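Colleague: Using the sequences and the hints given, assemble the complete structure.
Line order of the protein sequences matches chains A and B. The letter at position 254 of the first sequence is residue 254 when you use the numbering used here, and the numbering goes up by one with no holes. The letter at position 253 of the second sequence is residue 253 when you use the numbering used here, and the numbering goes up by one with no holes.
Hints in this document: simulated from the structure, not taken from any laboratory. You may find that some hints are simply not true.
Pairs of lysine-lysine residues, derived as DSBU-like cross-links and limited to a Cα-Cα distance of at most 35 Å, are as follows [stated by the list, open to error]:
no., chain 1, residue 1, chain 2, residue 2
1, A, 410, A, 304
2, B, 444, A, 116
3, A, 304, A, 170
4, A, 170, B, 159
5, A, 116, A, 192
6, A, 304, A, 116
Chain B stretches covered by chain A per the calculated footprint, using a threshold of three residues with CB under 8 Å from any CB of chain A [what the hints assert, rightly or not]:
no., stretch
7, 246-255
8, 409-420
9, 424-431
Derived DEER-like restraints, expressed as beta-carbon distance ranges [what the hints assert, rightly or not]:
no., chain 1, residue 1, chain 2, residue 2, range
10, B, 44, A, 162, 49 to 59 Å
11, A, 29, B, 400, 47 to 57 Å
12, A, 18, B, 52, 33 to 43 Å
13, B, 183, A, 209, 42 to 52 Å
Only a predicted model underlies this, so the values are computations on that prediction, with no experimental measurement involved. Glycine included, each C-beta is placed from N, C-alpha and C at the ideal position.
These are the residues of each chain, in order.
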Amino acid sequence: MPTGTPGDGFGLLSVLIFAPLVAAAVAACLRGDMVLRWWALISTSAIGLASLGLLNRFDPAGTGFQLAERMPWVRSLGIEYRLGVDGMSVLLILLTTGLAPLCVLGSWRYIGVRVKEFMVCLLVMETAMVGVFCALDFVLFFVFWEAMLIPMSLLIGVWGGPRRVYAALKFFVYTMAGSALMLAAIIALRLKAGSFGIPEMMGGGLSPEFQCWVFGAFLLSFAIKVPMVPFHTWLPAAHVEAPTAGSVILAGVLLKMGTYGFLRFSLPITPHAARMFAPWLMWVSVAAILYGGLAALAQTDMKKLVAYSSVGHMGFATLGIFSLTQQGVEGATLVMINHGITTGALFLVVGMLYERLHSRDLARAAGLGRVMPRMAAFLGVFCLSSMAFPGTNSFVGEFLVMAGGFSVSKVLMICAVPGVVAAAAYNLRMLQTVAYGGTANPDHGGIRDLSAREVITLAPLLVLVLWLGLQPAPVVELMQSSVTGVLGMVRPSNAMTLVP
Amino acid sequence: MTTSLIPAFLPELVLCAGALGLFVLCLGMGRVRAGAWVLLATGLLGVVAGGLTWGGEAMLFDGAYRVDGFSQSLKLILCLVLVALVLVSGELRDVREDIRGEYWFLLAASALGFVLVVSCMDILALVVSLELGSFPLYLAVATRRERAGQRSQMESAIKYVMFGVAANAIMLFGLGYLYGLTGTTSLPVMAARLRPLAETPLALAGIGLALAGLFYKLAVLPFQFWTPDVYEGASHETAGVIASLPKLGAVAVMVRWMSLAAPEGRTLPLLLGVLAAGSMFYGNLIALVQRDFKRLLGFSGIAHAGYALLGFVALDQAGAAAAVFYMTSYALMVLACFTVISRVSEDGRNVGIESLAGLHRRSPLLAATLLVGAFGLAGVPPFAGFMGKLALFTAAFDRGHGWLVVVAVINAAIAIYYYLGVVRAAFFGDPGDQPSIRLTPSTKVVCGGLIVGIVLLGVMPGRVLDGLTAVMSTTGMPAVAARGAGS
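Modeller: Pasting the structure below:
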């Protein structure tokens, strides 16, 4: 059982969690929109750089949770402040802290009103997101998990598009309703495991029937967050109405929390139930891949297109996870990271187009490539990445997922193929329309190509797309032993012996 | 008996002096401000007195009155709530002008009653103190200013009195049974003599009926009918008092009375569990369709009383501590909402959800207070309501009431919707041409204080919750059962 080294006091993880909160408190006292933007940019960049320290301190070969921190929080309830990371959470933390400064840059001009409140919400979000990936105490995890709701809903509801209030409320109600039963499951687990500590609950020493109940409660919550079909309906609404930074955070980080939940909780804590439900969930994942692909194909709104493509991509992630194979889970983790990079980039590009056109209609953007060649170049690479073209980041992940899936069920994977084709089709359609499509559009007069700031925003993502596409080995190495550890806990032989 | 120079009942003396001072003061006219200052000073001195007598233990009046960790904690909480209430009430704009001075006296007398009740170990003293706390509030409901188209305060006051008196009669009837069974009015003696009889129908009927009076104050099904009407009919200030002080007092008395029940009995937990589930569903489902903010809080109050009962279903110290913690946080959160109501309504009229529209532009601080209060009530982390619910659910689950916890989380999910409706109006609504709201310094203080309190109780509940759990050992509640020792 991975328990990690007992640590104490404040460490790097706590710094990463609370630095954004401190930055938010400072931001609340600052005046002047430009000052606030710069402050948010500087603080998020500094946190992003500090998070690179994780790579130094984290030992990829080690098993269990590292950089552990542990102290009592509420003694009478047995709640601890307990942190720790494994390979998968390190990657997701880096993704979060890396996207944060890009979100600030992407909102530089987009957000013109209430800049202070916006930046405070963004920074508070970062605290909660990093906290979710570090928490090793279930109550701590739940607090961070739910603490995201308020700032995220405000981001959508205050700075969003025309139907923002509807989208914000839908997001809130869906997520909150989903996590209600999770709370009950957490309390039930505590009774069995004796504490709220997540590592103590792992290993599957619970009766099969109890595992099914807990798995079901978690499934509802995580399936909504991922989102898995049929719980996806909040996603297009939230994505479309959210401001650019909100969409980037939603797609880049929030959706990963569902799949992270499966990997961190569902598989190790309820292995028996996970094995039992895995075939069904693989079918649901394939349904999501097909549905997301076909729905994206039908969209005329660019943001909606990217939103539905997310449903499909996340289908790959859940497919890989529930294949319960080493390749599949590694692939799923890669898909999670890559989707954050690629979809985040696509949302940024769409946001930049929206700033110029005040429309997200694909037809209005037709032929923009003529006046915006730099934008077209970026969009080209990101679209190729989104369709998992070899040489880009997404290819590696989806290939591993397919390979893992094939070893489980060939029929299933053949069923998923149309989804892959659809992904190529909708991405090429968007790229073709925006870059080359239509005749000279009179609306496009006076539109400027990407500014230096916008190029700086997109460039890091472009580098990551190509680097991870050509050289994925370091990332895979980082998580390999963690994935092996998780799968080791799901193995039937291991779990069944512990059943009382 | 403590040998120190400070009498163990110093908080009571302070409040008593304050109440008498206010009585003298309100013989003259137009002394609203002076009254507010006196009561504020009384509350603050009460807090100090509570702190000074902290940790002391004493038996007074032949064992009828007991000062212990539990009672002093509750007194401290009650005095803090009193201070907040005085600040929230402010100028008493919605109370009839000629009796505003008297209003402060009523509030002081009521607070004194509830401060007394937490120490009572004799059922006669307990009933008398409980009535001392309740009667001023019956009057306070009727003090709302009359204006064209609004005379519901009299109806509300009559309802409040009638229901209250009926519930008290049932409570006295139940206490009569208990006295008949044991031949004593002293709670500890009664608990000891009742122990072998605890599962007999007569004892259960006695305890169940005796709880009626407390259910009425907490607004638990089936004694909840007065709640929405009284909230709606009473002035905002009075409704705030009714939502906080009596509920805290009732929870405290319930802790004392639950020591009468058999720790391993099944009947009483079943009764409480059914009532809790009923209250939660009743309150939350009806609150979904409310348009008036105060009525909404009334119905949600019924649901919250249901949550608090979960702690008593557990019948152990952890559960009782969780219930007291929850009611304390509830008092803070509901006061945050009433602060907003009383500041948004300029002339004391009731506030519909839609009139909160765009509050964040009219007054960011009030909107933030509302956000924290409403999400706290909804049980969203990191606010106090979440930790309270977690403590209650854990306590109930540990004693094998998993079904009740599932019912409660479903209810928490239902409740999100209407709290969200309130926040939605305040943050996403359009204020139209309504002017911005100017806040007095005292309002700012109370808003800031409530926000800090709600967040602190949510983020760092450790000291308070651990402290309450520790003092529960003095109440005669059964100790924590073997909890979660792996299965």
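Colleague: Could you run down the list of hints and mark each one as holding or not?
Modeller: Structure-based check of each hint:
| no. | hint | in the structure |
| --- | --- | --- |
| 1 | 410(A) with 304(A) | 31 Å, holds |
| 2 | 444(B) with 116(A) | 21 Å, holds |
| 3 | 304(A) with 170(A) | 16 Å, holds |
| 4 | 170(A) with 159(B) | 39 Å, violated |
| 5 | 116(A) with 192(A) | 45 Å, violated |
| 6 | 304(A) with 116(A) | 28 Å, holds |
| 7 | 246-255 | violated (count 0) |
| 8 | 409-420 | holds (count 7) |
| 9 | 424-431 | holds (count 3) |
| 10 | 44(B) with 162(A): 49 to 59 Å | 51 Å, holds |
| 11 | 29(A) with 400(B): 47 to 57 Å | 50 Å, holds |
| 12 | 18(A) with 52(B): 33 to 43 Å | 37 Å, holds |
| 13 | 183(B) with 209(A): 42 to 52 Å | 50 Å, holds |
Hint check: violations occur at hints 4, 5 and 7; the rest are consistent with the structure.
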